[in-house]
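K.L.:
Residues per chain are reported as follows:
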Amino acid sequence: MDFGFSEEQGILRKMAHDFLEKEFPKTLVREMEEDLTGFRSDIWKNMAELGWMGLIIPEEYGGSSCTFMDLVVLMEEMGRACLVSPFFSTVTCSFVLLDAGREEQKKEFLPKIAAGEKIFTLALTEPSATYDAVGIATKAVEDEGQYIINGTKLFVHDAQVVDYFLCVAKTNPLSPPEESISIFLVDAKSQGIKITPLPTIADDKQTEVVLEDVLVPKENMLGELNAGWPTVRKALDRAVIAKCAEMIGGADWTVENCVDYVKERVQFGKPIGSFGIIQHYLAEMWTEIGHAKRLVYHAAWLIDQGARCAKEVAMANARMSEVYNRVTRTGVQIFGGIGTTREHDMGLYYRRARQGIPLFGSPDSCRERVAYEVGL
Amino acid sequence: MDFKFTPEQEVLRKAFEDFCKEEVKREPEGWIGGLAAEESDEGWAYHRSVVDKVAGKGWLCLPWPKEYGGHGHGPIEQLIFNEVMAYYRVPALPFHFMTVAAGIMEYGTEDQKKEWLPKIARAEINWAEGLSEPNAGSDLATVSTTAVADGNDYVINGQKVWTSGAHRADHIFILARTDPNEPRHKGLTFFINKIGPGIEFRPLIFMNGSHFYNETFIDDFRVPEENIVGKINKGWYVMMAGRNYARANIAAAVSGKRDLEDLIECCKHTEEGGEILARKPLIRQKLAEFLIDYEAAPKFAYYVGWLQSKGKDVAAEAAACGYYANELNLRLANSAMEIMGLYGTVTKESRWAPLYGKFQDLCQWHSGFTIAGGTTEIRKNVIAWSGLKLPRS
Numbered sequence: 038m039d040f041g042f043s044e045e046q047g048i049l050r051k052m053a054h055d056f057l058e059k060e061f062p063k064t065l066v067r068e069m070e071e072d073l074t075g076f077r078s079d080i081w082k083n084m085a086e087l088g089w090m091g092l093i094i095p096e097e098y099g100g101s102s103c104t105f106m107d108l109v110v111l112m113e114e115m116g117r118a119c120l121v122s123p124f125f126s127t128v129t130c131s132f133v134l135l136d137a138g139r140e141e142q143k144k145e146f147l148p149k150i151a152a153g154e155k156i157f158t159l160a161l162t163e164p165s166a167t168y169d170a171v172g173i174a175t176k177a178v179e180d181e182g183q184y185i186i187n188g189t190k191l192f193v194h195d196a197q198v199v200d201y202f203l204c205v206a207k208t209n210p211l212s213p214p215e216e217s218i219s220i221f222l223v224d225a226k227s228q229g230i231k232i233t234p235l236p237t238i239a240d241d242k243q244t245e246v247v248l249e250d251v252l253v254p255k256e257n258m259l260g261e262l263n264a265g266w267p268t269v270r271k272a273l274d275r276a277v278i279a280k281c282a283e284m285i286g287g288a289d290w291t292v293e294n295c296v297d298y299v300k301e302r303v304q305f306g307k308p309i310g311s312f313g314i315i316q317h318y319l320a321e322m323w324t325e326i327g328h329a330k331r332l333v334y335h336a337a338w339l340i341d342q343g344a345r346c347a348k349e350v351a352m353a354n355a356r357m358s359e360v361y362n363r364v365t366r367t368g369v370q371i372f373g374g375i376g377t378t379r380e381h382d383m384g385l386y387y388r389r390a391r392q393g394i395p396l397f398g399s400p401d402s403c404r405e406r407v408a409y410e411v412g413l
Numbered sequence: 268m269d270f271k272f273t274p275e276q277e278v279l280r281k282a283f284e285d286f287c288k289e290e291v292k293r294e295p296e297g298w299i300g301g302l303a304a305e306e307s308d309e310g311w312a313y314h315r316s317v318v319d320k321v322a323g324k325g326w327l328c329l330p331w332p333k334e335y336g337g338h339g340h341g342p343i344e345q346l347i348f349n350e351v352m353a354y355y356r357v358p359a360l361p362f363h364f365m366t367v368a369a370g371i372m373e374y375g376t377e378d379q380k381k382e383w384l385p386k387i388a389r390a391e392i393n394w395a396e397g398l399s400e401p402n403a404g405s406d407l408a409t410v411s412t413t414a415v416a417d418g419n420d421y422v423i424n425g426q427k428v429w430t431s432g433a434h435r436a437d438h439i440f441i442l443a444r445t446d447p448n449e450p451r452h453k454g455l456t457f458f459i460n461k462i463g464p465g466i467e468f469r470p471l472i473f474m475n476g477s478h479f480y481n482e483t484f485i486d487d488f489r490v491p492e493e494n495i496v497g498k499i500n501k502g503w504y505v506m507m508a509g510r511n512y513a514r515a516n517i518a519a520a521v522s523g524k525r526d527l528e529d530l531i532e533c534c535k536h537t538e539e540g541g542e543i544l545a546r547k548p549l550i551r552q553k554l555a556e557f558l559i560d561y562e563a564a565p566k567f568a569y570y571v572g573w574l575q576s577k578g579k580d581v582a583a584e585a586a587a588c589g590y591y592a593n594e595l596n597l598r599l600a601n602s603a604m605e606i607m608g609l610y611g612t613v614t615k616e617s618r619w620a621p622l623y624g625k626f627q628d629l630c631q632w633h634s635g636f637t638i639a640g641g642t643t644e645i646r647k648n649v650i651a652w653s654g655l656k657l658p659r660s
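Keeping their order, the protein sequence lines are chains R and X. Residue 413, in the working numbering, is where the first sequence stops; the numbers in between run on with no holes. Residue 660, in the working numbering, is where the second sequence stops; the numbers in between run on with no holes.
For the record, the hints were derived by calculation from the structure and aren't laboratory data. Please note that a few of the clues may not be correct.
Said to hold, decoys possible - Listed below are the simulated EDC-like cross-link pairs for lysine to aspartate or glutamate, each with C-alpha atoms no more than 16 Å apart in a straight line:
#: 1; chain 1: X; residue 1: 566; chain 2: R; residue 2: 39
#: 2; chain 1: X; residue 1: 547; chain 2: R; residue 2: 293
#: 3; chain 1: X; residue 1: 271; chain 2: R; residue 2: 39
#: 4; chain 1: X; residue 1: 553; chain 2: R; residue 2: 297
#: 5; chain 1: X; residue 1: 271; chain 2: R; residue 2: 359
#: 6; chain 1: X; residue 1: 553; chain 2: R; residue 2: 341
#: 7; chain 1: R; residue 1: 144; chain 2: R; residue 2: 256
#: 8; chain 1: X; residue 1: 535; chain 2: R; residue 2: 410
#: 9; chain 1: X; residue 1: 656; chain 2: R; residue 2: 96
#: 10; chain 1: X; residue 1: 553; chain 2: R; residue 2: 200
#: 11; chain 1: X; residue 1: 579; chain 2: R; residue 2: 39
#: 12; chain 1: X; residue 1: 324; chain 2: X; residue 2: 284
#: 13; chain 1: R; residue 1: 226; chain 2: R; residue 2: 200
#: 14; chain 1: X; residue 1: 553; chain 2: R; residue 2: 359
#: 15; chain 1: X; residue 1: 577; chain 2: R; residue 2: 39
#: 16; chain 1: X; residue 1: 547; chain 2: R; residue 2: 405
#: 17; chain 1: X; residue 1: 656; chain 2: R; residue 2: 297
#: 18; chain 1: R; residue 1: 155; chain 2: R; residue 2: 224
#: 19; chain 1: X; residue 1: 656; chain 2: R; residue 2: 301
Claimed, not checked - Derived, one-sided and incomplete: chain R residues facing chain X with beta-carbon distance under 8 Å:
#: 20; residue: 41
#: 21; residue: 80
#: 22; residue: 176
#: 23; residue: 245
#: 24; residue: 329
Claimed, not checked - Simulated coverage check for chain X against chain R, where a stretch passes if three residues somewhere in it have a Cβ under 8 Å from a Cβ of chain R:
#: 25; segment: 548–558
#: 26; segment: 562–569
#: 27; segment: 587–595
As the structure is a prediction and not an experimental result, all values here were calculated from the model. We treat Cβ as the ideally placed atom computed from N, Cα and C, and that holds for glycine.
Could you put together the complete structure from these sequences and hints?
P.N.:
See below:
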């Protein structure tokens, strides 16, 4: 049993922490929130040079063959920094490429992802706003060696800066939803794609992507026909835990900064951190984060073992997102009035925490998943 | 990061589990776990017979140093033992024995170690705990029971309270003030002795009607000088020595996890308004939320054990582990009653009581465990002061 991070992970964490602190200060976070695309090519290039986009990509495809737990470390630091970047979208797609791509697809695209040359995002969710296969209405119809895709994708991250979509579409109108989904690699510059920004609470560069008679060569299918859904689910499990790791970073930031603040902030002639009620708020936040982390790390460890982890992922998702919400809510309360302003950093985390609740399924749906997994 | 146990630890776990699977066959009907051991003669007999076997296997002293007859195991092995025993509700540990044993190992004389440790390891002693007083609860350092030297003895006078299981005990340990001029914990001494003249116990009946706690009236109780553990006026540290063993309270989390399993089974087989409880979405939500909590809590306990095995100060983590599990268990008991509706309130004497009225009983017991051994509030203070370094004032 070992609940610690390795020395290498410690180095990775420090490197990420120092880089983001220097290159992605909160002033830039705010600037990127206002920016339509939220993309800075110079920073993206530096991230690629640090090997981040290739972290979980095997060496044979130009990556560094790191573990999923290494990605967890990196995501924690990104969450702490409130990084605005298509990193998460691209990494999520690299999971899909790794799992379902043919050898020549992997050889073509993975090195480009690792090098920061190509940016990807998953075009999965739709106006149905669910992560279940039943929510996919976008259709791909075969026609003379190519597919014609029609449909509306919603809540698609970073669409304005990507080179490729991994578009999840229905390819069989008759079978059950889980057995009728295929994944297509779609060039973002294809004719018939219309992208409209979808502003959200976290300013996290979501969009509506309308596909109208978009032509995709048949060889751009990832994996087998109608067999895409298990691949999507498997990639989502990893995306969920990576997102949970990002929340850990934000939650840790909140407690650390609140602790610093309450030692300095004086009211009634004393630092407010000497008041029992404030101490107990912080003790509860710290305890809840400490417990939620065990669930996230356990799920991450299972992913690295290649073990089945549907229940554990659902548990981590429900708990971490709710803890992050509670922690940031109390965080604002502790900072008081100034914590509610746009100029204060607390709001950045508060808004991101709320974005995290419905992402990849609400806590209620996660709990239902847990109930199902234990045979209830 | 690695969540696996070593092969040696798996062997130990298997041995503990095999043992428990045998022992539970003799479990009294409606048994709710360790805390029932002191309530009834039947429970006490079960407890004693299990403890004798555990002692015979040498499992009472897993973490004791080898020089004192222990196995020298680390915190993880002790946690595995505690986890398995709690899961099977096998009352395997004598009450309070570790407090005394640790105090003697760390601060006792050679003679004391020779005299007491083997007896404790063989579970020959049933201890009553003489720490809390009516006016010294969370603020234990204000103990006012006095001990005054008289020849080769000390004469102790005062009152103790919450003396759990005193009515089953044959020995008592007492924290008493030997220097009235020293403030707070500085003037306290740790005494151990056979219970005898000058000690009177009166039942302090718990709200559910159980006899678990007692008041202890101490009137000229004589303790020979050689039964002082550690130095005069250094008793506080003797008392604290036991805390370095099993800092993480995994038993609370795991016994609750087992109770949740019972609740889930009950929900699978209970209909309400023509629908199985386990099919109702709101009940599934509640149960799943508890499943998540009971997944996290034991993992946190192992995390505390792991930190401890790395030589880290775990005061804050241990406090978090403890209060979280205690509050969780209380929440579970109350939710379980709510889920069971009217039936949830029926006590075990009735044939209508689901699960022998377990949850109405537990929702009372657990209201005490968020207080006993460190209230939730005190534990949060420890986290704030020791973990987050917030100012004490």
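K.L.:
A separate judgement is required for each hint: does it hold in the structure or not?
P.N.:
Here is how each hint holds up against the structure:
For a cut-off of 16 Å, the pair hint linking residue 566/X to residue 39/R stands: about 12 Å separates their Cα positions. The suggested pairing of residue 547/X with residue 293/R is violated, with an alpha-carbon distance near 41 Å, which exceeds 16 Å. Pair hint residue 271/X plus residue 39/R holds up; C-alpha atoms about 8 Å apart against a cutoff of 16 Å. For the given pair, residue 553/X sits about 36 Å from residue 297/R by alpha-carbon distance, which is inconsistent with the 16 Å threshold.
About 28 Å separates the Cα atoms of residue 271/X and residue 359/R, which puts this hinted pair outside 16 Å; it is violated. Between residue 553/X and residue 341/R the alpha-carbon distance is near 30 Å, which puts this suggested pair outside the 16 Å criterion. With a CA separation close to 14 Å, the supplied pair residue 144/R and residue 256/R stays within the 16 Å bound. A distance of roughly 14 Å separates the Cα atoms of residue 535/X and residue 410/R; the hinted pair therefore holds under the 16 Å criterion.
Note on residue 656/X and residue 96/R: the hinted pairing is violated, with a Cα-Cα distance of about 44 Å set against a maximum of 16 Å. Between residue 553/X and residue 200/R the CA atoms are separated by roughly 44 Å; this puts the pair beyond 16 Å, and the hint is violated. Straight-line distance between C-alpha atoms of residue 579/X and residue 39/R comes to about 14 Å, which keeps the hinted pair within the 16 Å bound. With a CA separation close to 14 Å, the supplied pair residue 324/X and residue 284/X stays within the 16 Å bound.
Between residue 226/R and residue 200/R, the direct Cα distance comes to roughly 7 Å. Compliance with the 16 Å bound is thereby established for this hinted pair. The straight-line distance between the Cα atoms of residue 553/X and residue 359/R is roughly 15 Å, inside the 16 Å bound, and the hint therefore holds. Of the pairs offered as hints, the one joining residue 577/X and residue 39/R holds, with about 10 Å between alpha carbons and a cut-off of 16 Å not exceeded. With a C-alpha separation of about 11 Å, the suggested pair residue 547/X and residue 405/R falls inside the 16 Å cut-off, and the hint holds.
Among the hinted pairs, residue 656/X with residue 297/R is consistent with the structure: their alpha-carbon atoms are about 10 Å apart, no more than 16 Å. Only pairs whose Cα atoms come within 16 Å are accepted, and residue 155/R paired with residue 224/R is accepted, the gap being roughly 11 Å. Under the criterion of a C-alpha separation no larger than 16 Å, the hint pairing residue 656/X with residue 301/R is consistent with the structure, at around 13 Å. The beta carbon of residue 41/R comes within 7 Å of a beta carbon in chain X, closer than 8 Å, and the hint placing it at the interface holds.
The restraint placing residue 80/R at the interface with chain X is violated, with a minimum CB-CB distance near 29 Å, outside the 8 Å limit. Checking residue 176/R against chain X: minimum C-beta separation of about 32 Å lies over 8 Å; hint violated. Hint status for residue 245/R: violated, given a least beta-carbon distance of 31 Å to chain X, over 8 Å. Satisfaction of the interface hint for residue 329/R is found here, the shortest Cβ-Cβ separation to chain X being roughly 7 Å, below the 8 Å cut-off.
Against chain R, the segment 548–558 of chain X contributes 7 residues with a C-beta closer than 8 Å to a partner C-beta. That satisfies the three-residue criterion, and the hint holds. Only when three residues or more bring their CB closer than 8 Å to a CB of chain R does the claim for the segment 562–569 of chain X stand; here the count is 6, and the claim holds. Counting residues of the segment 587–595 of chain X whose CB falls under 8 Å from any CB of chain R gives 3; the rule of at least 3 is met.
Comparing the model with each earlier hint shows violations of hints 2, 4, 5, 6, 9, 10, 21, 22, 23; every other hint is respected.
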